[in-house]
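Residue numbers for the sequence shown, in the working numbering: 11 to 494.
Accuracy of the hints is not assured; some may be wrong.
As the list claims (entries may be wrong) - BS3-like mimics (lysine-lysine), calculated; alpha carbons at most 30 Å apart, straight line:
hint: 1; residue 1: 17; residue 2: 267
hint: 2; residue 1: 325; residue 2: 14
hint: 3; residue 1: 369; residue 2: 198
hint: 4; residue 1: 287; residue 2: 309
hint: 5; residue 1: 439; residue 2: 488
hint: 6; residue 1: 46; residue 2: 186
hint: 7; residue 1: 363; residue 2: 437
hint: 8; residue 1: 439; residue 2: 267
hint: 9; residue 1: 332; residue 2: 409
hint: 10; residue 1: 325; residue 2: 404
hint: 11; residue 1: 287; residue 2: 263
hint: 12; residue 1: 160; residue 2: 198
hint: 13; residue 1: 287; residue 2: 269
hint: 14; residue 1: 215; residue 2: 186
hint: 15; residue 1: 409; residue 2: 269
hint: 16; residue 1: 418; residue 2: 404
hint: 17; residue 1: 207; residue 2: 160
hint: 18; residue 1: 369; residue 2: 439
hint: 19; residue 1: 269; residue 2: 371
hint: 20; residue 1: 488; residue 2: 418
hint: 21; residue 1: 488; residue 2: 17
Think of the hints as simulated: they come from the structure by calculation, not from any bench.
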Amino acid sequence: MTEKNYKWVVSFIVLTILATIGVQLFWNYKEYQINKQRLISEVQQSLDDSVEAYFANITRTGIIKYNVDLKEVIDTIHINSRSKSAFRTKIDSTLKNISKLENEKPILIKEYRNSNYPFYTTDKILPKNIDSLISKVFISISRDSINLKKLDNYLSKELNRRDLTINYALKYDYLKHSQHDSIIRESKNLYLENFPKDYLTATSKSTFLPRRGTLELYFTNEVAILLRESLVSILLSLLLSAGIIVSLVLLLKTIYKQKQLAEVKNDLINNITHEFKTPIATIGVALESITNFNAIDDKEKTTKYVNMSTDQLSKLNIMVEKLLETASLDSDNLNLNYDEVNINALLQSIITKHDFQLKNKTIEFKNSTYDIIIKVDEFHFENVINNIIDNAIKYGGDKITIEANQTKNKVELTISDNGHSLTNANKDKIFEQFYRVPKGNTHDVKGFGIGLYYARKIVEKHQGTIEVHLSNNLTTFKITLPND
11 MTEKNYKWVV
21 SFIVLTILAT
31 IGVQLFWNYK
41 EYQINKQRLI
51 SEVQQSLDDS
61 VEAYFANITR
71 TGIIKYNVDL
81 KEVIDTIHIN
91 SRSKSAFRTK
101 IDSTLKNISK
111 LENEKPILIK
121 EYRNSNYPFY
131 TTDKILPKNI
141 DSLISKVFIS
151 ISRDSINLKK
161 LDNYLSKELN
171 RRDLTINYAL
181 KYDYLKHSQH
191 DSIIRESKNL
201 YLENFPKDYL
211 TATSKSTFLP
221 RRGTLELYFT
231 NEVAILLRES
241 LVSILLSLLL
251 SAGIIVSLVL
261 LLKTIYKQKQ
271 LAEVKNDLIN
281 NITHEFKTPI
291 ATIGVALESI
301 TNFNAIDDKE
311 KTTKYVNMST
321 DQLSKLNIMV
331 EKLLETASLD
341 SDNLNLNYDE
351 VNINALLQSI
361 ITKHDFQLKN
371 KTIEFKNSTY
381 DIIIKVDEFH
391 FENVINNIID
401 NAIKYGGDKI
411 TIEANQTKNK
421 VELTISDNGH
431 SLTNANKDKI
441 FEQFYRVPKG
451 NTHDVKGFGI
461 GLYYARKIVE
471 KHQGTIEVHL
481 SNNLTTFKIT
491 LPND
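Build out the structure end to end from the sequences listed, making use of the hints.
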């Protein structure tokens, strides 16, 4: 994948993630608003039911009385009210409803006017529920005020019945006639002092309230109720969004890894081509010399060219073996043969083998005063040490220090050099497969980027750990193995 295509894919995935989050937020907000309106309606209905229960209770307590004569004597209900228009409107509406409720002969409603206030009579006995309804209406229109504390008792019961836990306050505004027959507005409230400013409002629509009265309920704590109502939708939305986002992120990581692997593959091919080209070219030159320059008649030259070709073939074989070993590290096909190994003797032998590579560099081995014996696969563990020392010679400074220590439960090996080719940015990547510290487009440093990856895998198969630490121009590789 080209860099341009990769950027397009990344941009598309990022936009998809943002769109997913935006859509889910929009739908959740929309559902929140719908639930909010539903809550206001439910609270308003609770308030209306409480008002009806309030007036129904007043009728049962006999605060207002009226008589119905069973002998068909015309009775009169006297109601004291300052508001003639309010009285007429309420009664007209109620009596109209009464005539609709009666399935039999229509009820005869007669109106008498005395002084400035109208009175209504009926010449038929009304059903009990109609009596109660008229009583509540008569009471509501004959009273300008409401006892908010009593109403609060009914309201709290109604809210509990509907499982609504809210913090609320009540306010009642009404118009009344003053002594000078002028209309004034009065207001009273319950729990409204120090009430939070961020609240919702529900206004009672009950027909039992006086026409010029307004009953409002202010309430808070709606967020908890709305979240409870939308909990399932929110959880499903979060799960859906999380699933989509995680999938897209994993897809992005996969694409990024594939891009990295493609780059590593190309780099590896270039390195392998370079590494293999030198010994192949050397062998070709040796064979050409033997064939074309009569070197076969000169036994000394023949031996020299044959030995040269043999050495180059050995190098090719070693490189092929490394590639094959690396391919088998992630599988279960690699079997370790554990033997008791003297670490001191093994390290001394490895240092001796590297003497010819040192040139202007030195290796110091801080040998312990006692032998350190541990069970390891000698062949693979020796390769681990060889790879680390080989890297120290190639990348490090002019001094390499090797030290071994043993405790009751573990053995620690440290290989340090005074080079500073590693940085904090790439020190955690050097154990990755095929990773090579960037050096530009040069091939002065040999290798495929599999030595330290091989070392990490072998140490892990020994149930150990390998780490690298950088401090004061000192690069230290630390191998820790269990000492059971």
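- Which numbered hints fail: Hints 2, 3, 6, 11, 15, 16, 19, 21 are the ones this structure does not satisfy, whereas the remaining hints hold.
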